[in-house]
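A.B. asks: Here is how the chains run, residue by residue.
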Amino acid sequence: MDLSVDLVVILVFVVGFALFRNPAGARRGNMLAAVAFAAAAIVVVARGGVVLWPLVIAVLLVAGSLAWLVAAKVSMLQIPAMVAFQNGSGGLAALLISMVELWRVGGGASIPSISALLGIAIGGVTFTGSAVAGGKLAGLLRQAPVTLRGHNIVVLVTALFLVAAGVAAVGGDAAVVAGVALLSAAGVLGILLAVRVGGADMPVMISFLNASSGLAAAFCGVVTESRLLVAGGAFVAASGTILTIVMCRAMNRSLANVLVGGTATGTGTATGGVEPPPDTWLPAAADEAAREVLAPDPAETPGAGAPGTAPPAGPPDEECPFAATAELALGAQRVVIVPGYGMALAQAQFNVVQWAEGLRQRGVEVKYAIHPVAGRMPGHMNVLLAEADASYDDLLELEDGNEHLAEADLAVVVGASDVVTPAAVETEGTPLSGMPILRVQDARRLVICNLDDEPGYSGVKNRLYEQPGVISLFGDARATFERLLKP
Amino acid sequence: MTELLILVAVFVVATVVGYALISRVPPLLHTPLMSMTNAISAVTILGAFVLFSSRLSPWEALLAAVALAAATFNVVGGFAITARMLRMFRRK
Numbered sequence: 001m002d003l004s005v006d007l008v009v010i011l012v013f014v015v016g017f018a019l020f021r022n023p024a025g026a027r028r029g030n031m032l033a034a035v036a037f038a039a040a041a042i043v044v045v046a047r048g049g050v051v052l053w054p055l056v057i058a059v060l061l062v063a064g065s066l067a068w069l070v071a072a073k074v075s076m077l078q079i080p081a082m083v084a085f086q087n088g089s090g091g092l093a094a095l096l097i098s099m100v101e102l103w104r105v106g107g108g109a110s111i112p113s114i115s116a117l118l119g120i121a122i123g124g125v126t127f128t129g130s131a132v133a134g135g136k137l138a139g140l141l142r143q144a145p146v147t148l149r150g151h152n153i154v155v156l157v158t159a160l161f162l163v164a165a166g167v168a169a170v171g172g173d174a175a176v177v178a179g180v181a182l183l184s185a186a187g188v189l190g191i192l193l194a195v196r197v198g199g200a201d202m203p204v205m206i207s208f209l210n211a212s213s214g215l216a217a218a219f220c221g222v223v224t225e226s227r228l229l230v231a232g233g234a235f236v237a238a239s240g241t242i243l244t245i246v247m248c249r250a251m252n253r254s255l256a257n258v259l260v261g262g263t264a265t266g267t268g269t270a271t272g273g274v275e276p277p278p279d280t281w282l283p284a285a286a287d288e289a290a291r292e293v294l295a296p297d298p299a300e301t302p303g304a305g306a307p308g309t310a311p312p313a314g315p316p317d318e319e320c321p322f323a324a325t326a327e328l329a330l331g332a333q334r335v336v337i338v339p340g341y342g343m344a345l346a347q348a349q350f351n352v353v354q355w356a357e358g359l360r361q362r363g364v365e366v367k368y369a370i371h372p373v374a375g376r377m378p379g380h381m382n383v384l385l386a387e388a389d390a391s392y393d394d395l396l397e398l399e400d401g402n403e404h405l406a407e408a409d410l411a412v413v414v415g416a417s418d419v420v421t422p423a424a425v426e427t428e429g430t431p432l433s434g435m436p437i438l439r440v441q442d443a444r445r446l447v448i449c450n451l452d453d454e455p456g457y458s459g460v461k462n463r464l465y466e467q468p469g470v471i472s473l474f475g476d477a478r479a480t481f482e483r484l485l486k487p
Numbered sequence: 488m489t490e491l492l493i494l495v496a497v498f499v500v501a502t503v504v505g506y507a508l509i510s511r512v513p514p515l516l517h518t519p520l521m522s523m524t525n526a527i528s529a530v531t532i533l534g535a536f537v538l539f540s541s542r543l544s545p546w547e548a549l550l551a552a553v554a555l556a557a558a559t560f561n562v563v564g565g566f567a568i569t570a571r572m573l574r575m576f577r578r579k
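Chains as they are written, first to last, in this note's numbering: chain L, 1 to 487; chain A, 488 to 579.
Think of the hints as simulated: they come from the structure by calculation, not from any bench. Ideal placement from N, C-alpha and C gives every residue a C-beta, glycine not left out. A couple of the hints might just be wrong.
[To be verified] Partner residues are not named here, just some residues of chain A that face chain L (Cβ under 8 Å, in silico):
| no. | residue |
| --- | --- |
| 1 | Thr489 |
| 2 | Thr524 |
| 3 | Asn525 |
| 4 | Ile532 |
| 5 | Ser540 |
The shape of chain L in the complex, shown without the other chains (with noise of 0.2 Å):
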């Protein structure tokens, strides 16, 4: 009956995608597709009529408002939580959805139920897998991966659960029953995905979850008939394929080894004799979560405020090693800069970023390196230096960023270790092996600003800190360029 405002709509957000070229061009097709959503809304309603409209009156105020006021306030630190949040209750949507058609269809091995079934298996796993990740991100939770004993056969066992619910559903026997139980299965699930990634690795769980969430609405709009809600659950499922290839691509890793193995846990084969001995690797992944709760706070941090005393570590100048960065980056013609999740816990972009338009008034050239996993979801660093209002065009991705590195007079680390850890080209068998890295090293000199020269979440030891001519300024990142910024 609504081909044609389907087709219209499903065209709007075809372009809107065609338009995520640049900022300018993303801005009108965001705002396009919201024009089109609305207008579908519209349609839709006007068409069909609505029962119940004070509940569903009072339902959208109350829900429209509080995103409104969540979008507004979030900080951009805060958005892989947001989105975490965000493709929770887009499975959440789903999977009601298709209950209560499931309901009325009850069961049987007619498409529609069948579609149903997946629509609420897939929503109930990205559901429960999102409100994990998201609470993690947000500090609700432990952020450390956490693995139970026989964590993969609990995982098999439950699976093998779900699809047997989902086969009693099917054969048509207590569908609503068989229903819950797939419900249930479904929810355990995703909680045992989600709590075993940690950290660094939860852009790849992220983008996973993304890509679930829009294959939960294409089976919710299955069930639905409704063309709209399949073809645009299949955009978002493409999406977030594509981004959970790019992520695991700029780890080079598998997403059954993201999913499965856990960095802190998969590094069983790992014998690299130059590393430090493996069972120094789980521990830091565990310190590391500790650390990033507390790395806001410099008094807590050995080093981080005693300014001016140079750490034991210290550069092979003899003179303060602030005052030799200052020095170094004035006497420099290029500067490449390479962002970390660290610096965003220690809210130091905006300092950084004042740092960098400092020395271009003074005519260096000044640049971002941005490695695709910097940060908890995929192109996070570039929001952050956006919001510090860093100029787009000095953000490079790794290519490029190598290619700037190689040529720079200067490369300075800000909170990022396993990105720049040369031992992910050098040595074999590590978690990192293999990982494309942003190559510090080929800059004439290399200032590190992290909070100390522990491994990052990989566990891996950077050989980086201990190398000769590499000035380290360990501590808070924010305190750090707030003394470098003082004349």
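The hints should help you fit chain A onto chain L, whose structure is shown.
C.D. replies: Chain A in isolation, oriented as in the chain L frame:
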């Protein structure tokens, strides 16, 4: 049956076209992309409206209302935060 075939065709075409277009989005915009697709996945709101177009039992009404709330949060929050993020991208 024809309706089902149309739905399958829509899914396949949307996946292929979506994949081709979205793989060209630069990493610079990956975060806004994901938050906009979040809003788009809330097309489930249309499913919720369809549920509300016919008589509902109290249980169905409850589930449909929660679904409507989740989808509304998703669509409003998704488009609003994407717009806010994209406004931050400036060139000097």
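A.B. asks: Confirm or reject each hint.
C.D. replies: These are the hints, each one checked on the structure:
| no. | hint | verdict |
| --- | --- | --- |
| 1 | Thr489 | violated, 11 Å |
| 2 | Thr524 | holds, 4 Å |
| 3 | Asn525 | holds, 4 Å |
| 4 | Ile532 | holds, 6 Å |
| 5 | Ser540 | holds, 3 Å |
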